[in-house]
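S.K.: Hey, can you work out the whole structure from these sequences and the hints?
Chains as they are written, first to last, in our numbering: chain H, 1 to 138; chain S, 1001 to 1400.
Check before you lean on any hint, since a few could be wrong.
[To be verified] Far from chain H, some chain S residues (derived; all Cβ distances over 12 Å):
no., residue
1, Lys1097
2, Glu1102
3, Arg1365
[To be verified] Restraint-style ranges between C-beta atoms, simulated for each label pair:
no., chain 1, residue 1, chain 2, residue 2, range
4, H, Ser75, S, Gly1113, 21 to 27 Å
5, H, Ser138, S, Ala1058, 53 to 59 Å
6, S, Gly1113, H, Asp60, 45 to 51 Å
7, H, Glu135, S, Pro1019, 44 to 50 Å
8, S, Pro1206, H, Pro23, 35 to 41 Å
9, H, Pro23, S, Ser1256, 32 to 38 Å
10, S, Gly1317, H, Leu19, 50 to 56 Å
11, H, Arg40, S, Asp1290, 34 to 40 Å
Quick caveat, the hints were computed from the structure, so don't treat them as lab data. By construction, the Cβ of each residue, glycine as well, lies at the ideal position given by its N, Cα and C atoms.
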Amino acid sequence: MTEENTAPEQIPIVTYLNLADPPHLKAQECKSCGARFFDRRNACASCGGGSFAEVAVSSDGVLQAFTIVHRAAPSIPVPYVSAIVKTDDGTSVRSNIINTPADVEHVTLGMRVALATYEVAEDDRGTKCIAFGYEPSS
Amino acid sequence: MNSDLWILGTHMTPFRRQPDLDVVDLASQAALGAMKDGEVGIADMDILACGSLFQASAGLGQQLQDQIGQTGIPVYNVSNACATGATALRTVIMSIKAGESEMGLAVGVEQMGKMGLLAGASRRSDENVYEPSGRYGSVMSVDGILGTNTMPGVFAQAGMKYAYENDGVDFEQFAKVAQKNHAHSTMNPLAQYQKEFSLEEVMQSPMTSYPNTLLMCCPTGDGAAAAVVVSGERLRSLSTEQQKRAVKISASVLTSDPYVEDGQVQPDVNTLTRNASTAAYEAAGIGPEDLDLVELHDCFATAELIHYDNLQLCESGGAGDFIDSGAPYRNGSMPVNVSGGLISKGHPIGATGIANVYEVATHLRGEAGDRQIPDAKVGLTHVIGLGSSCGVHILEAAAV
Ligand SMILES: [Zn+2]
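M.R.: In structure tokens, the structure reads:
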């Protein structure tokens, strides 16, 4: 078997990004209290419960907070917009605002946004890393 | 169990880059200064707590003893994010409260040199094959891709969330915080910066992470602060002069984050601060209206503004109006960060949670010189570290 056969064509930047069609975020939802988590869990931070179900998170939401980052670690291109989005099903997500100029004329608190994916980079096997961000929607 | 507790002596070093000293020298200066201020010595101490975020694992407390006196007392090396100093202080307080000690020394110190607060690992360039790793199964550093991990950015988002929830808070109101604190610092000889800037200069300084400009961010630096804590019973066996200068600790509270829905994507600096202040007011039997001055954790200008609300210094949702009214200026109704705050006094992390106690105690003793808040009787100190940990202390002048 050659490497070309084993290397995936693409890989999500984080496990909670599901690259199915259409791409969406998935969360572990506590079966007792409904709290949602994006990471590997031992128990629920909200109620201590121990069982979870995987759920799809809404890809639409509202921009609740943002910052336009002008100074960052050297390898990170600036400026970019970091944002906290509240999805329509009530889950907070952090990512960048993409496909939009990084200024306060184009990025405003309370605006509607939708999840979008894009290719970040490619590894030596040709596997593309896919990330997600949010872009203005109507 | 001891019921009343007092600050007997306190000291802080200048905050700035001090490359000719090491972290043990800085801690020693603060410790010796605090004991001299309280007219006591190392032999009087029953416990030592030494706080340092980056150096606690090196047994700094024991290295300090090696410099100022090895008396065999228990030593606690403490590290608790930006609440490290407050946690060291509280460690001594808890020991005295529990009746295990009568007098103890709390030291907070940090030597940061030119360390930046931009955090977030640089993206590795030698990454050849993507493999999911860590709790989120990430295949590369996500800083700058899935939002920001930088401190100025995280606190900017916290401020913008407040703006979203409370219509009307804007860039200029955030900037006023920094203008105020830089102006205050011109009266504090221990501050890292002692330079005033106009509101325009603050707003036009290089943007770090909107709405925080460079002049709205605290600098890193070197420094230490220390306090001697004593039980009321032991204090009453000391001289009248010592009793007169002692400052009462009316409340000492430490909290961490209760669960909130958005806590996994944005540190919640609000709930634990509100909880800590509520508990502290209740313990002290006072309300925010009784405070004569406040030293709060203004690591960034956006943070100070939201803590007006979290510490209940203003009406709920009214932090923007509060700064516009002039209330938190040193001649206002609720002076906040008359030391210059972290933004201008500096923020050697481990020292910060005791340096604020030094500042408030100095005013309550009427010993703050040019920057004295007249007739100050009650003050509050606040620190918060992400992770999160929040320390609040309420101090009162001696009644004698
Ligand atoms: Zn739960």
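S.K.: Of the numbered hints stated previously, which ones are contradicted by the structure, given in increasing order?
M.R.: 10, 11
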